[in-house]
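**Q** Those letters in the sequence shown? Residues 1 to 224, per my numbering, in order.
Mixed in with the good hints there might be a few duds.
Cross-link-like lysine to aspartate or glutamate pairs, in silico, EDC-like; alpha carbons within 20 Å at most [said to hold, decoys possible]: (1) K70 x E97; (2) K65 x E100; (3) K185 x E100; (4) K28 x D57; (5) K205 x E168; (6) K70 x E14; (7) K44 x E97; (8) K172 x E76; (9) K172 x E193; (10) K185 x D93; (11) K44 x E128; (12) K70 x D52; (13) K44 x D55; (14) K28 x E45; (15) K185 x E118; (16) K210 x E196; (17) K172 x D139; (18) K28 x D55; (19) K185 x E128; (20) K35 x D51; (21) K35 x E45; (22) K28 x D51.
Computed spacing ranges between beta-carbons, pair by pair [as the list claims (entries may be wrong)]: (23) G211 x F89: 14 to 20 Å; (24) E97 x K205: 19 to 25 Å; (25) R105 x A69: 28 to 34 Å.
Calculated from the structure, these hints are not laboratory results. Predicted model, so just to flag it, every value in this text is computed and none were measured. Idealized CB from N, CA, C, for every residue including glycine.
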Amino acid sequence: MPVSADIYWRTINEGCHLGYYRGARGGKWVARHRKAGSGTGYVKERIGEADDVRDADGVTVLDWKQAQAKAHDWFEEQARGGVKAAGPFTVGDALDEYSESFKARTGAVPTDMTSRIEIIRPVLGELEVASLTQTVISDWFNARASSPKMVRTKKGAEPSVRPVDTKEALRKRRSTANRLLTVLKAALNLAAESREWLPITAWTKVKPFKGVDVANRRFLTDEE
Numbered sequence: 001m002p003v004s005a006d007i008y009w010r011t012i013n014e015g016c017h018l019g020y021y022r023g024a025r026g027g028k029w030v031a032r033h034r035k036a037g038s039g040t041g042y043v044k045e046r047i048g049e050a051d052d053v054r055d056a057d058g059v060t061v062l063d064w065k066q067a068q069a070k071a072h073d074w075f076e077e078q079a080r081g082g083v084k085a086a087g088p089f090t091v092g093d094a095l096d097e098y099s100e101s102f103k104a105r106t107g108a109v110p111t112d113m114t115s116r117i118e119i120i121r122p123v124l125g126e127l128e129v130a131s132l133t134q135t136v137i138s139d140w141f142n143a144r145a146s147s148p149k150m151v152r153t154k155k156g157a158e159p160s161v162r163p164v165d166t167k168e169a170l171r172k173r174r175s176t177a178n179r180l181l182t183v184l185k186a187a188l189n190l191a192a193e194s195r196e197w198l199p200i201t202a203w204t205k206v207k208p209f210k211g212v213d214v215a216n217r218r219f220l221t222d223e224e
């Protein structure tokens, strides 16, 4: 399908549609909802990438069935007036609140922030914020800092990673982990502003790596 700003909609239920459009970097899934008899316009939400370029992972890259399931959850949320189903307040909920707050203040959420949120979500997203500990956050942070970098491959190819086998590679991974920690802390701090009972020391005591955000500069010797 050629690149196009047009969205191709499929009706899921009355007032509920799942759409697809082909962007320059691949397809996107979009949901829209309008309450029956409301007389108002549609509320739209981008729910993920289509599996045109990368294999579906069920989180950020979705096949048709996964997109339907995620859209269904969003439709139910809209039917409740945009209120999430009752339950424990999770890290995923905090990330959602932070993203929505950022969008309300600035008009848009940067792509790099969205990517970082979706990297945090698989491991920490289901954890209840009230039960977080410094150890949980530290273990996650250190694991991210030492994990090999995923290298983008062609669709259908075996996943490829770049090992952390040099000082420069380790610096880059630690720098990336720092950026993830910054987003996580910002989301949890925002959540704690209206929830005084949350254990803020669980994340505030986890410190970023120092001296890793600028590449080491190498100067030539006289012989070189």
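**Q** Which numbered conditions among the earlier hints are violated in the structure presented, ordered from lowest to highest?
**A** 2, 5, 8, 9, 11, 13, 16, 20 and 23
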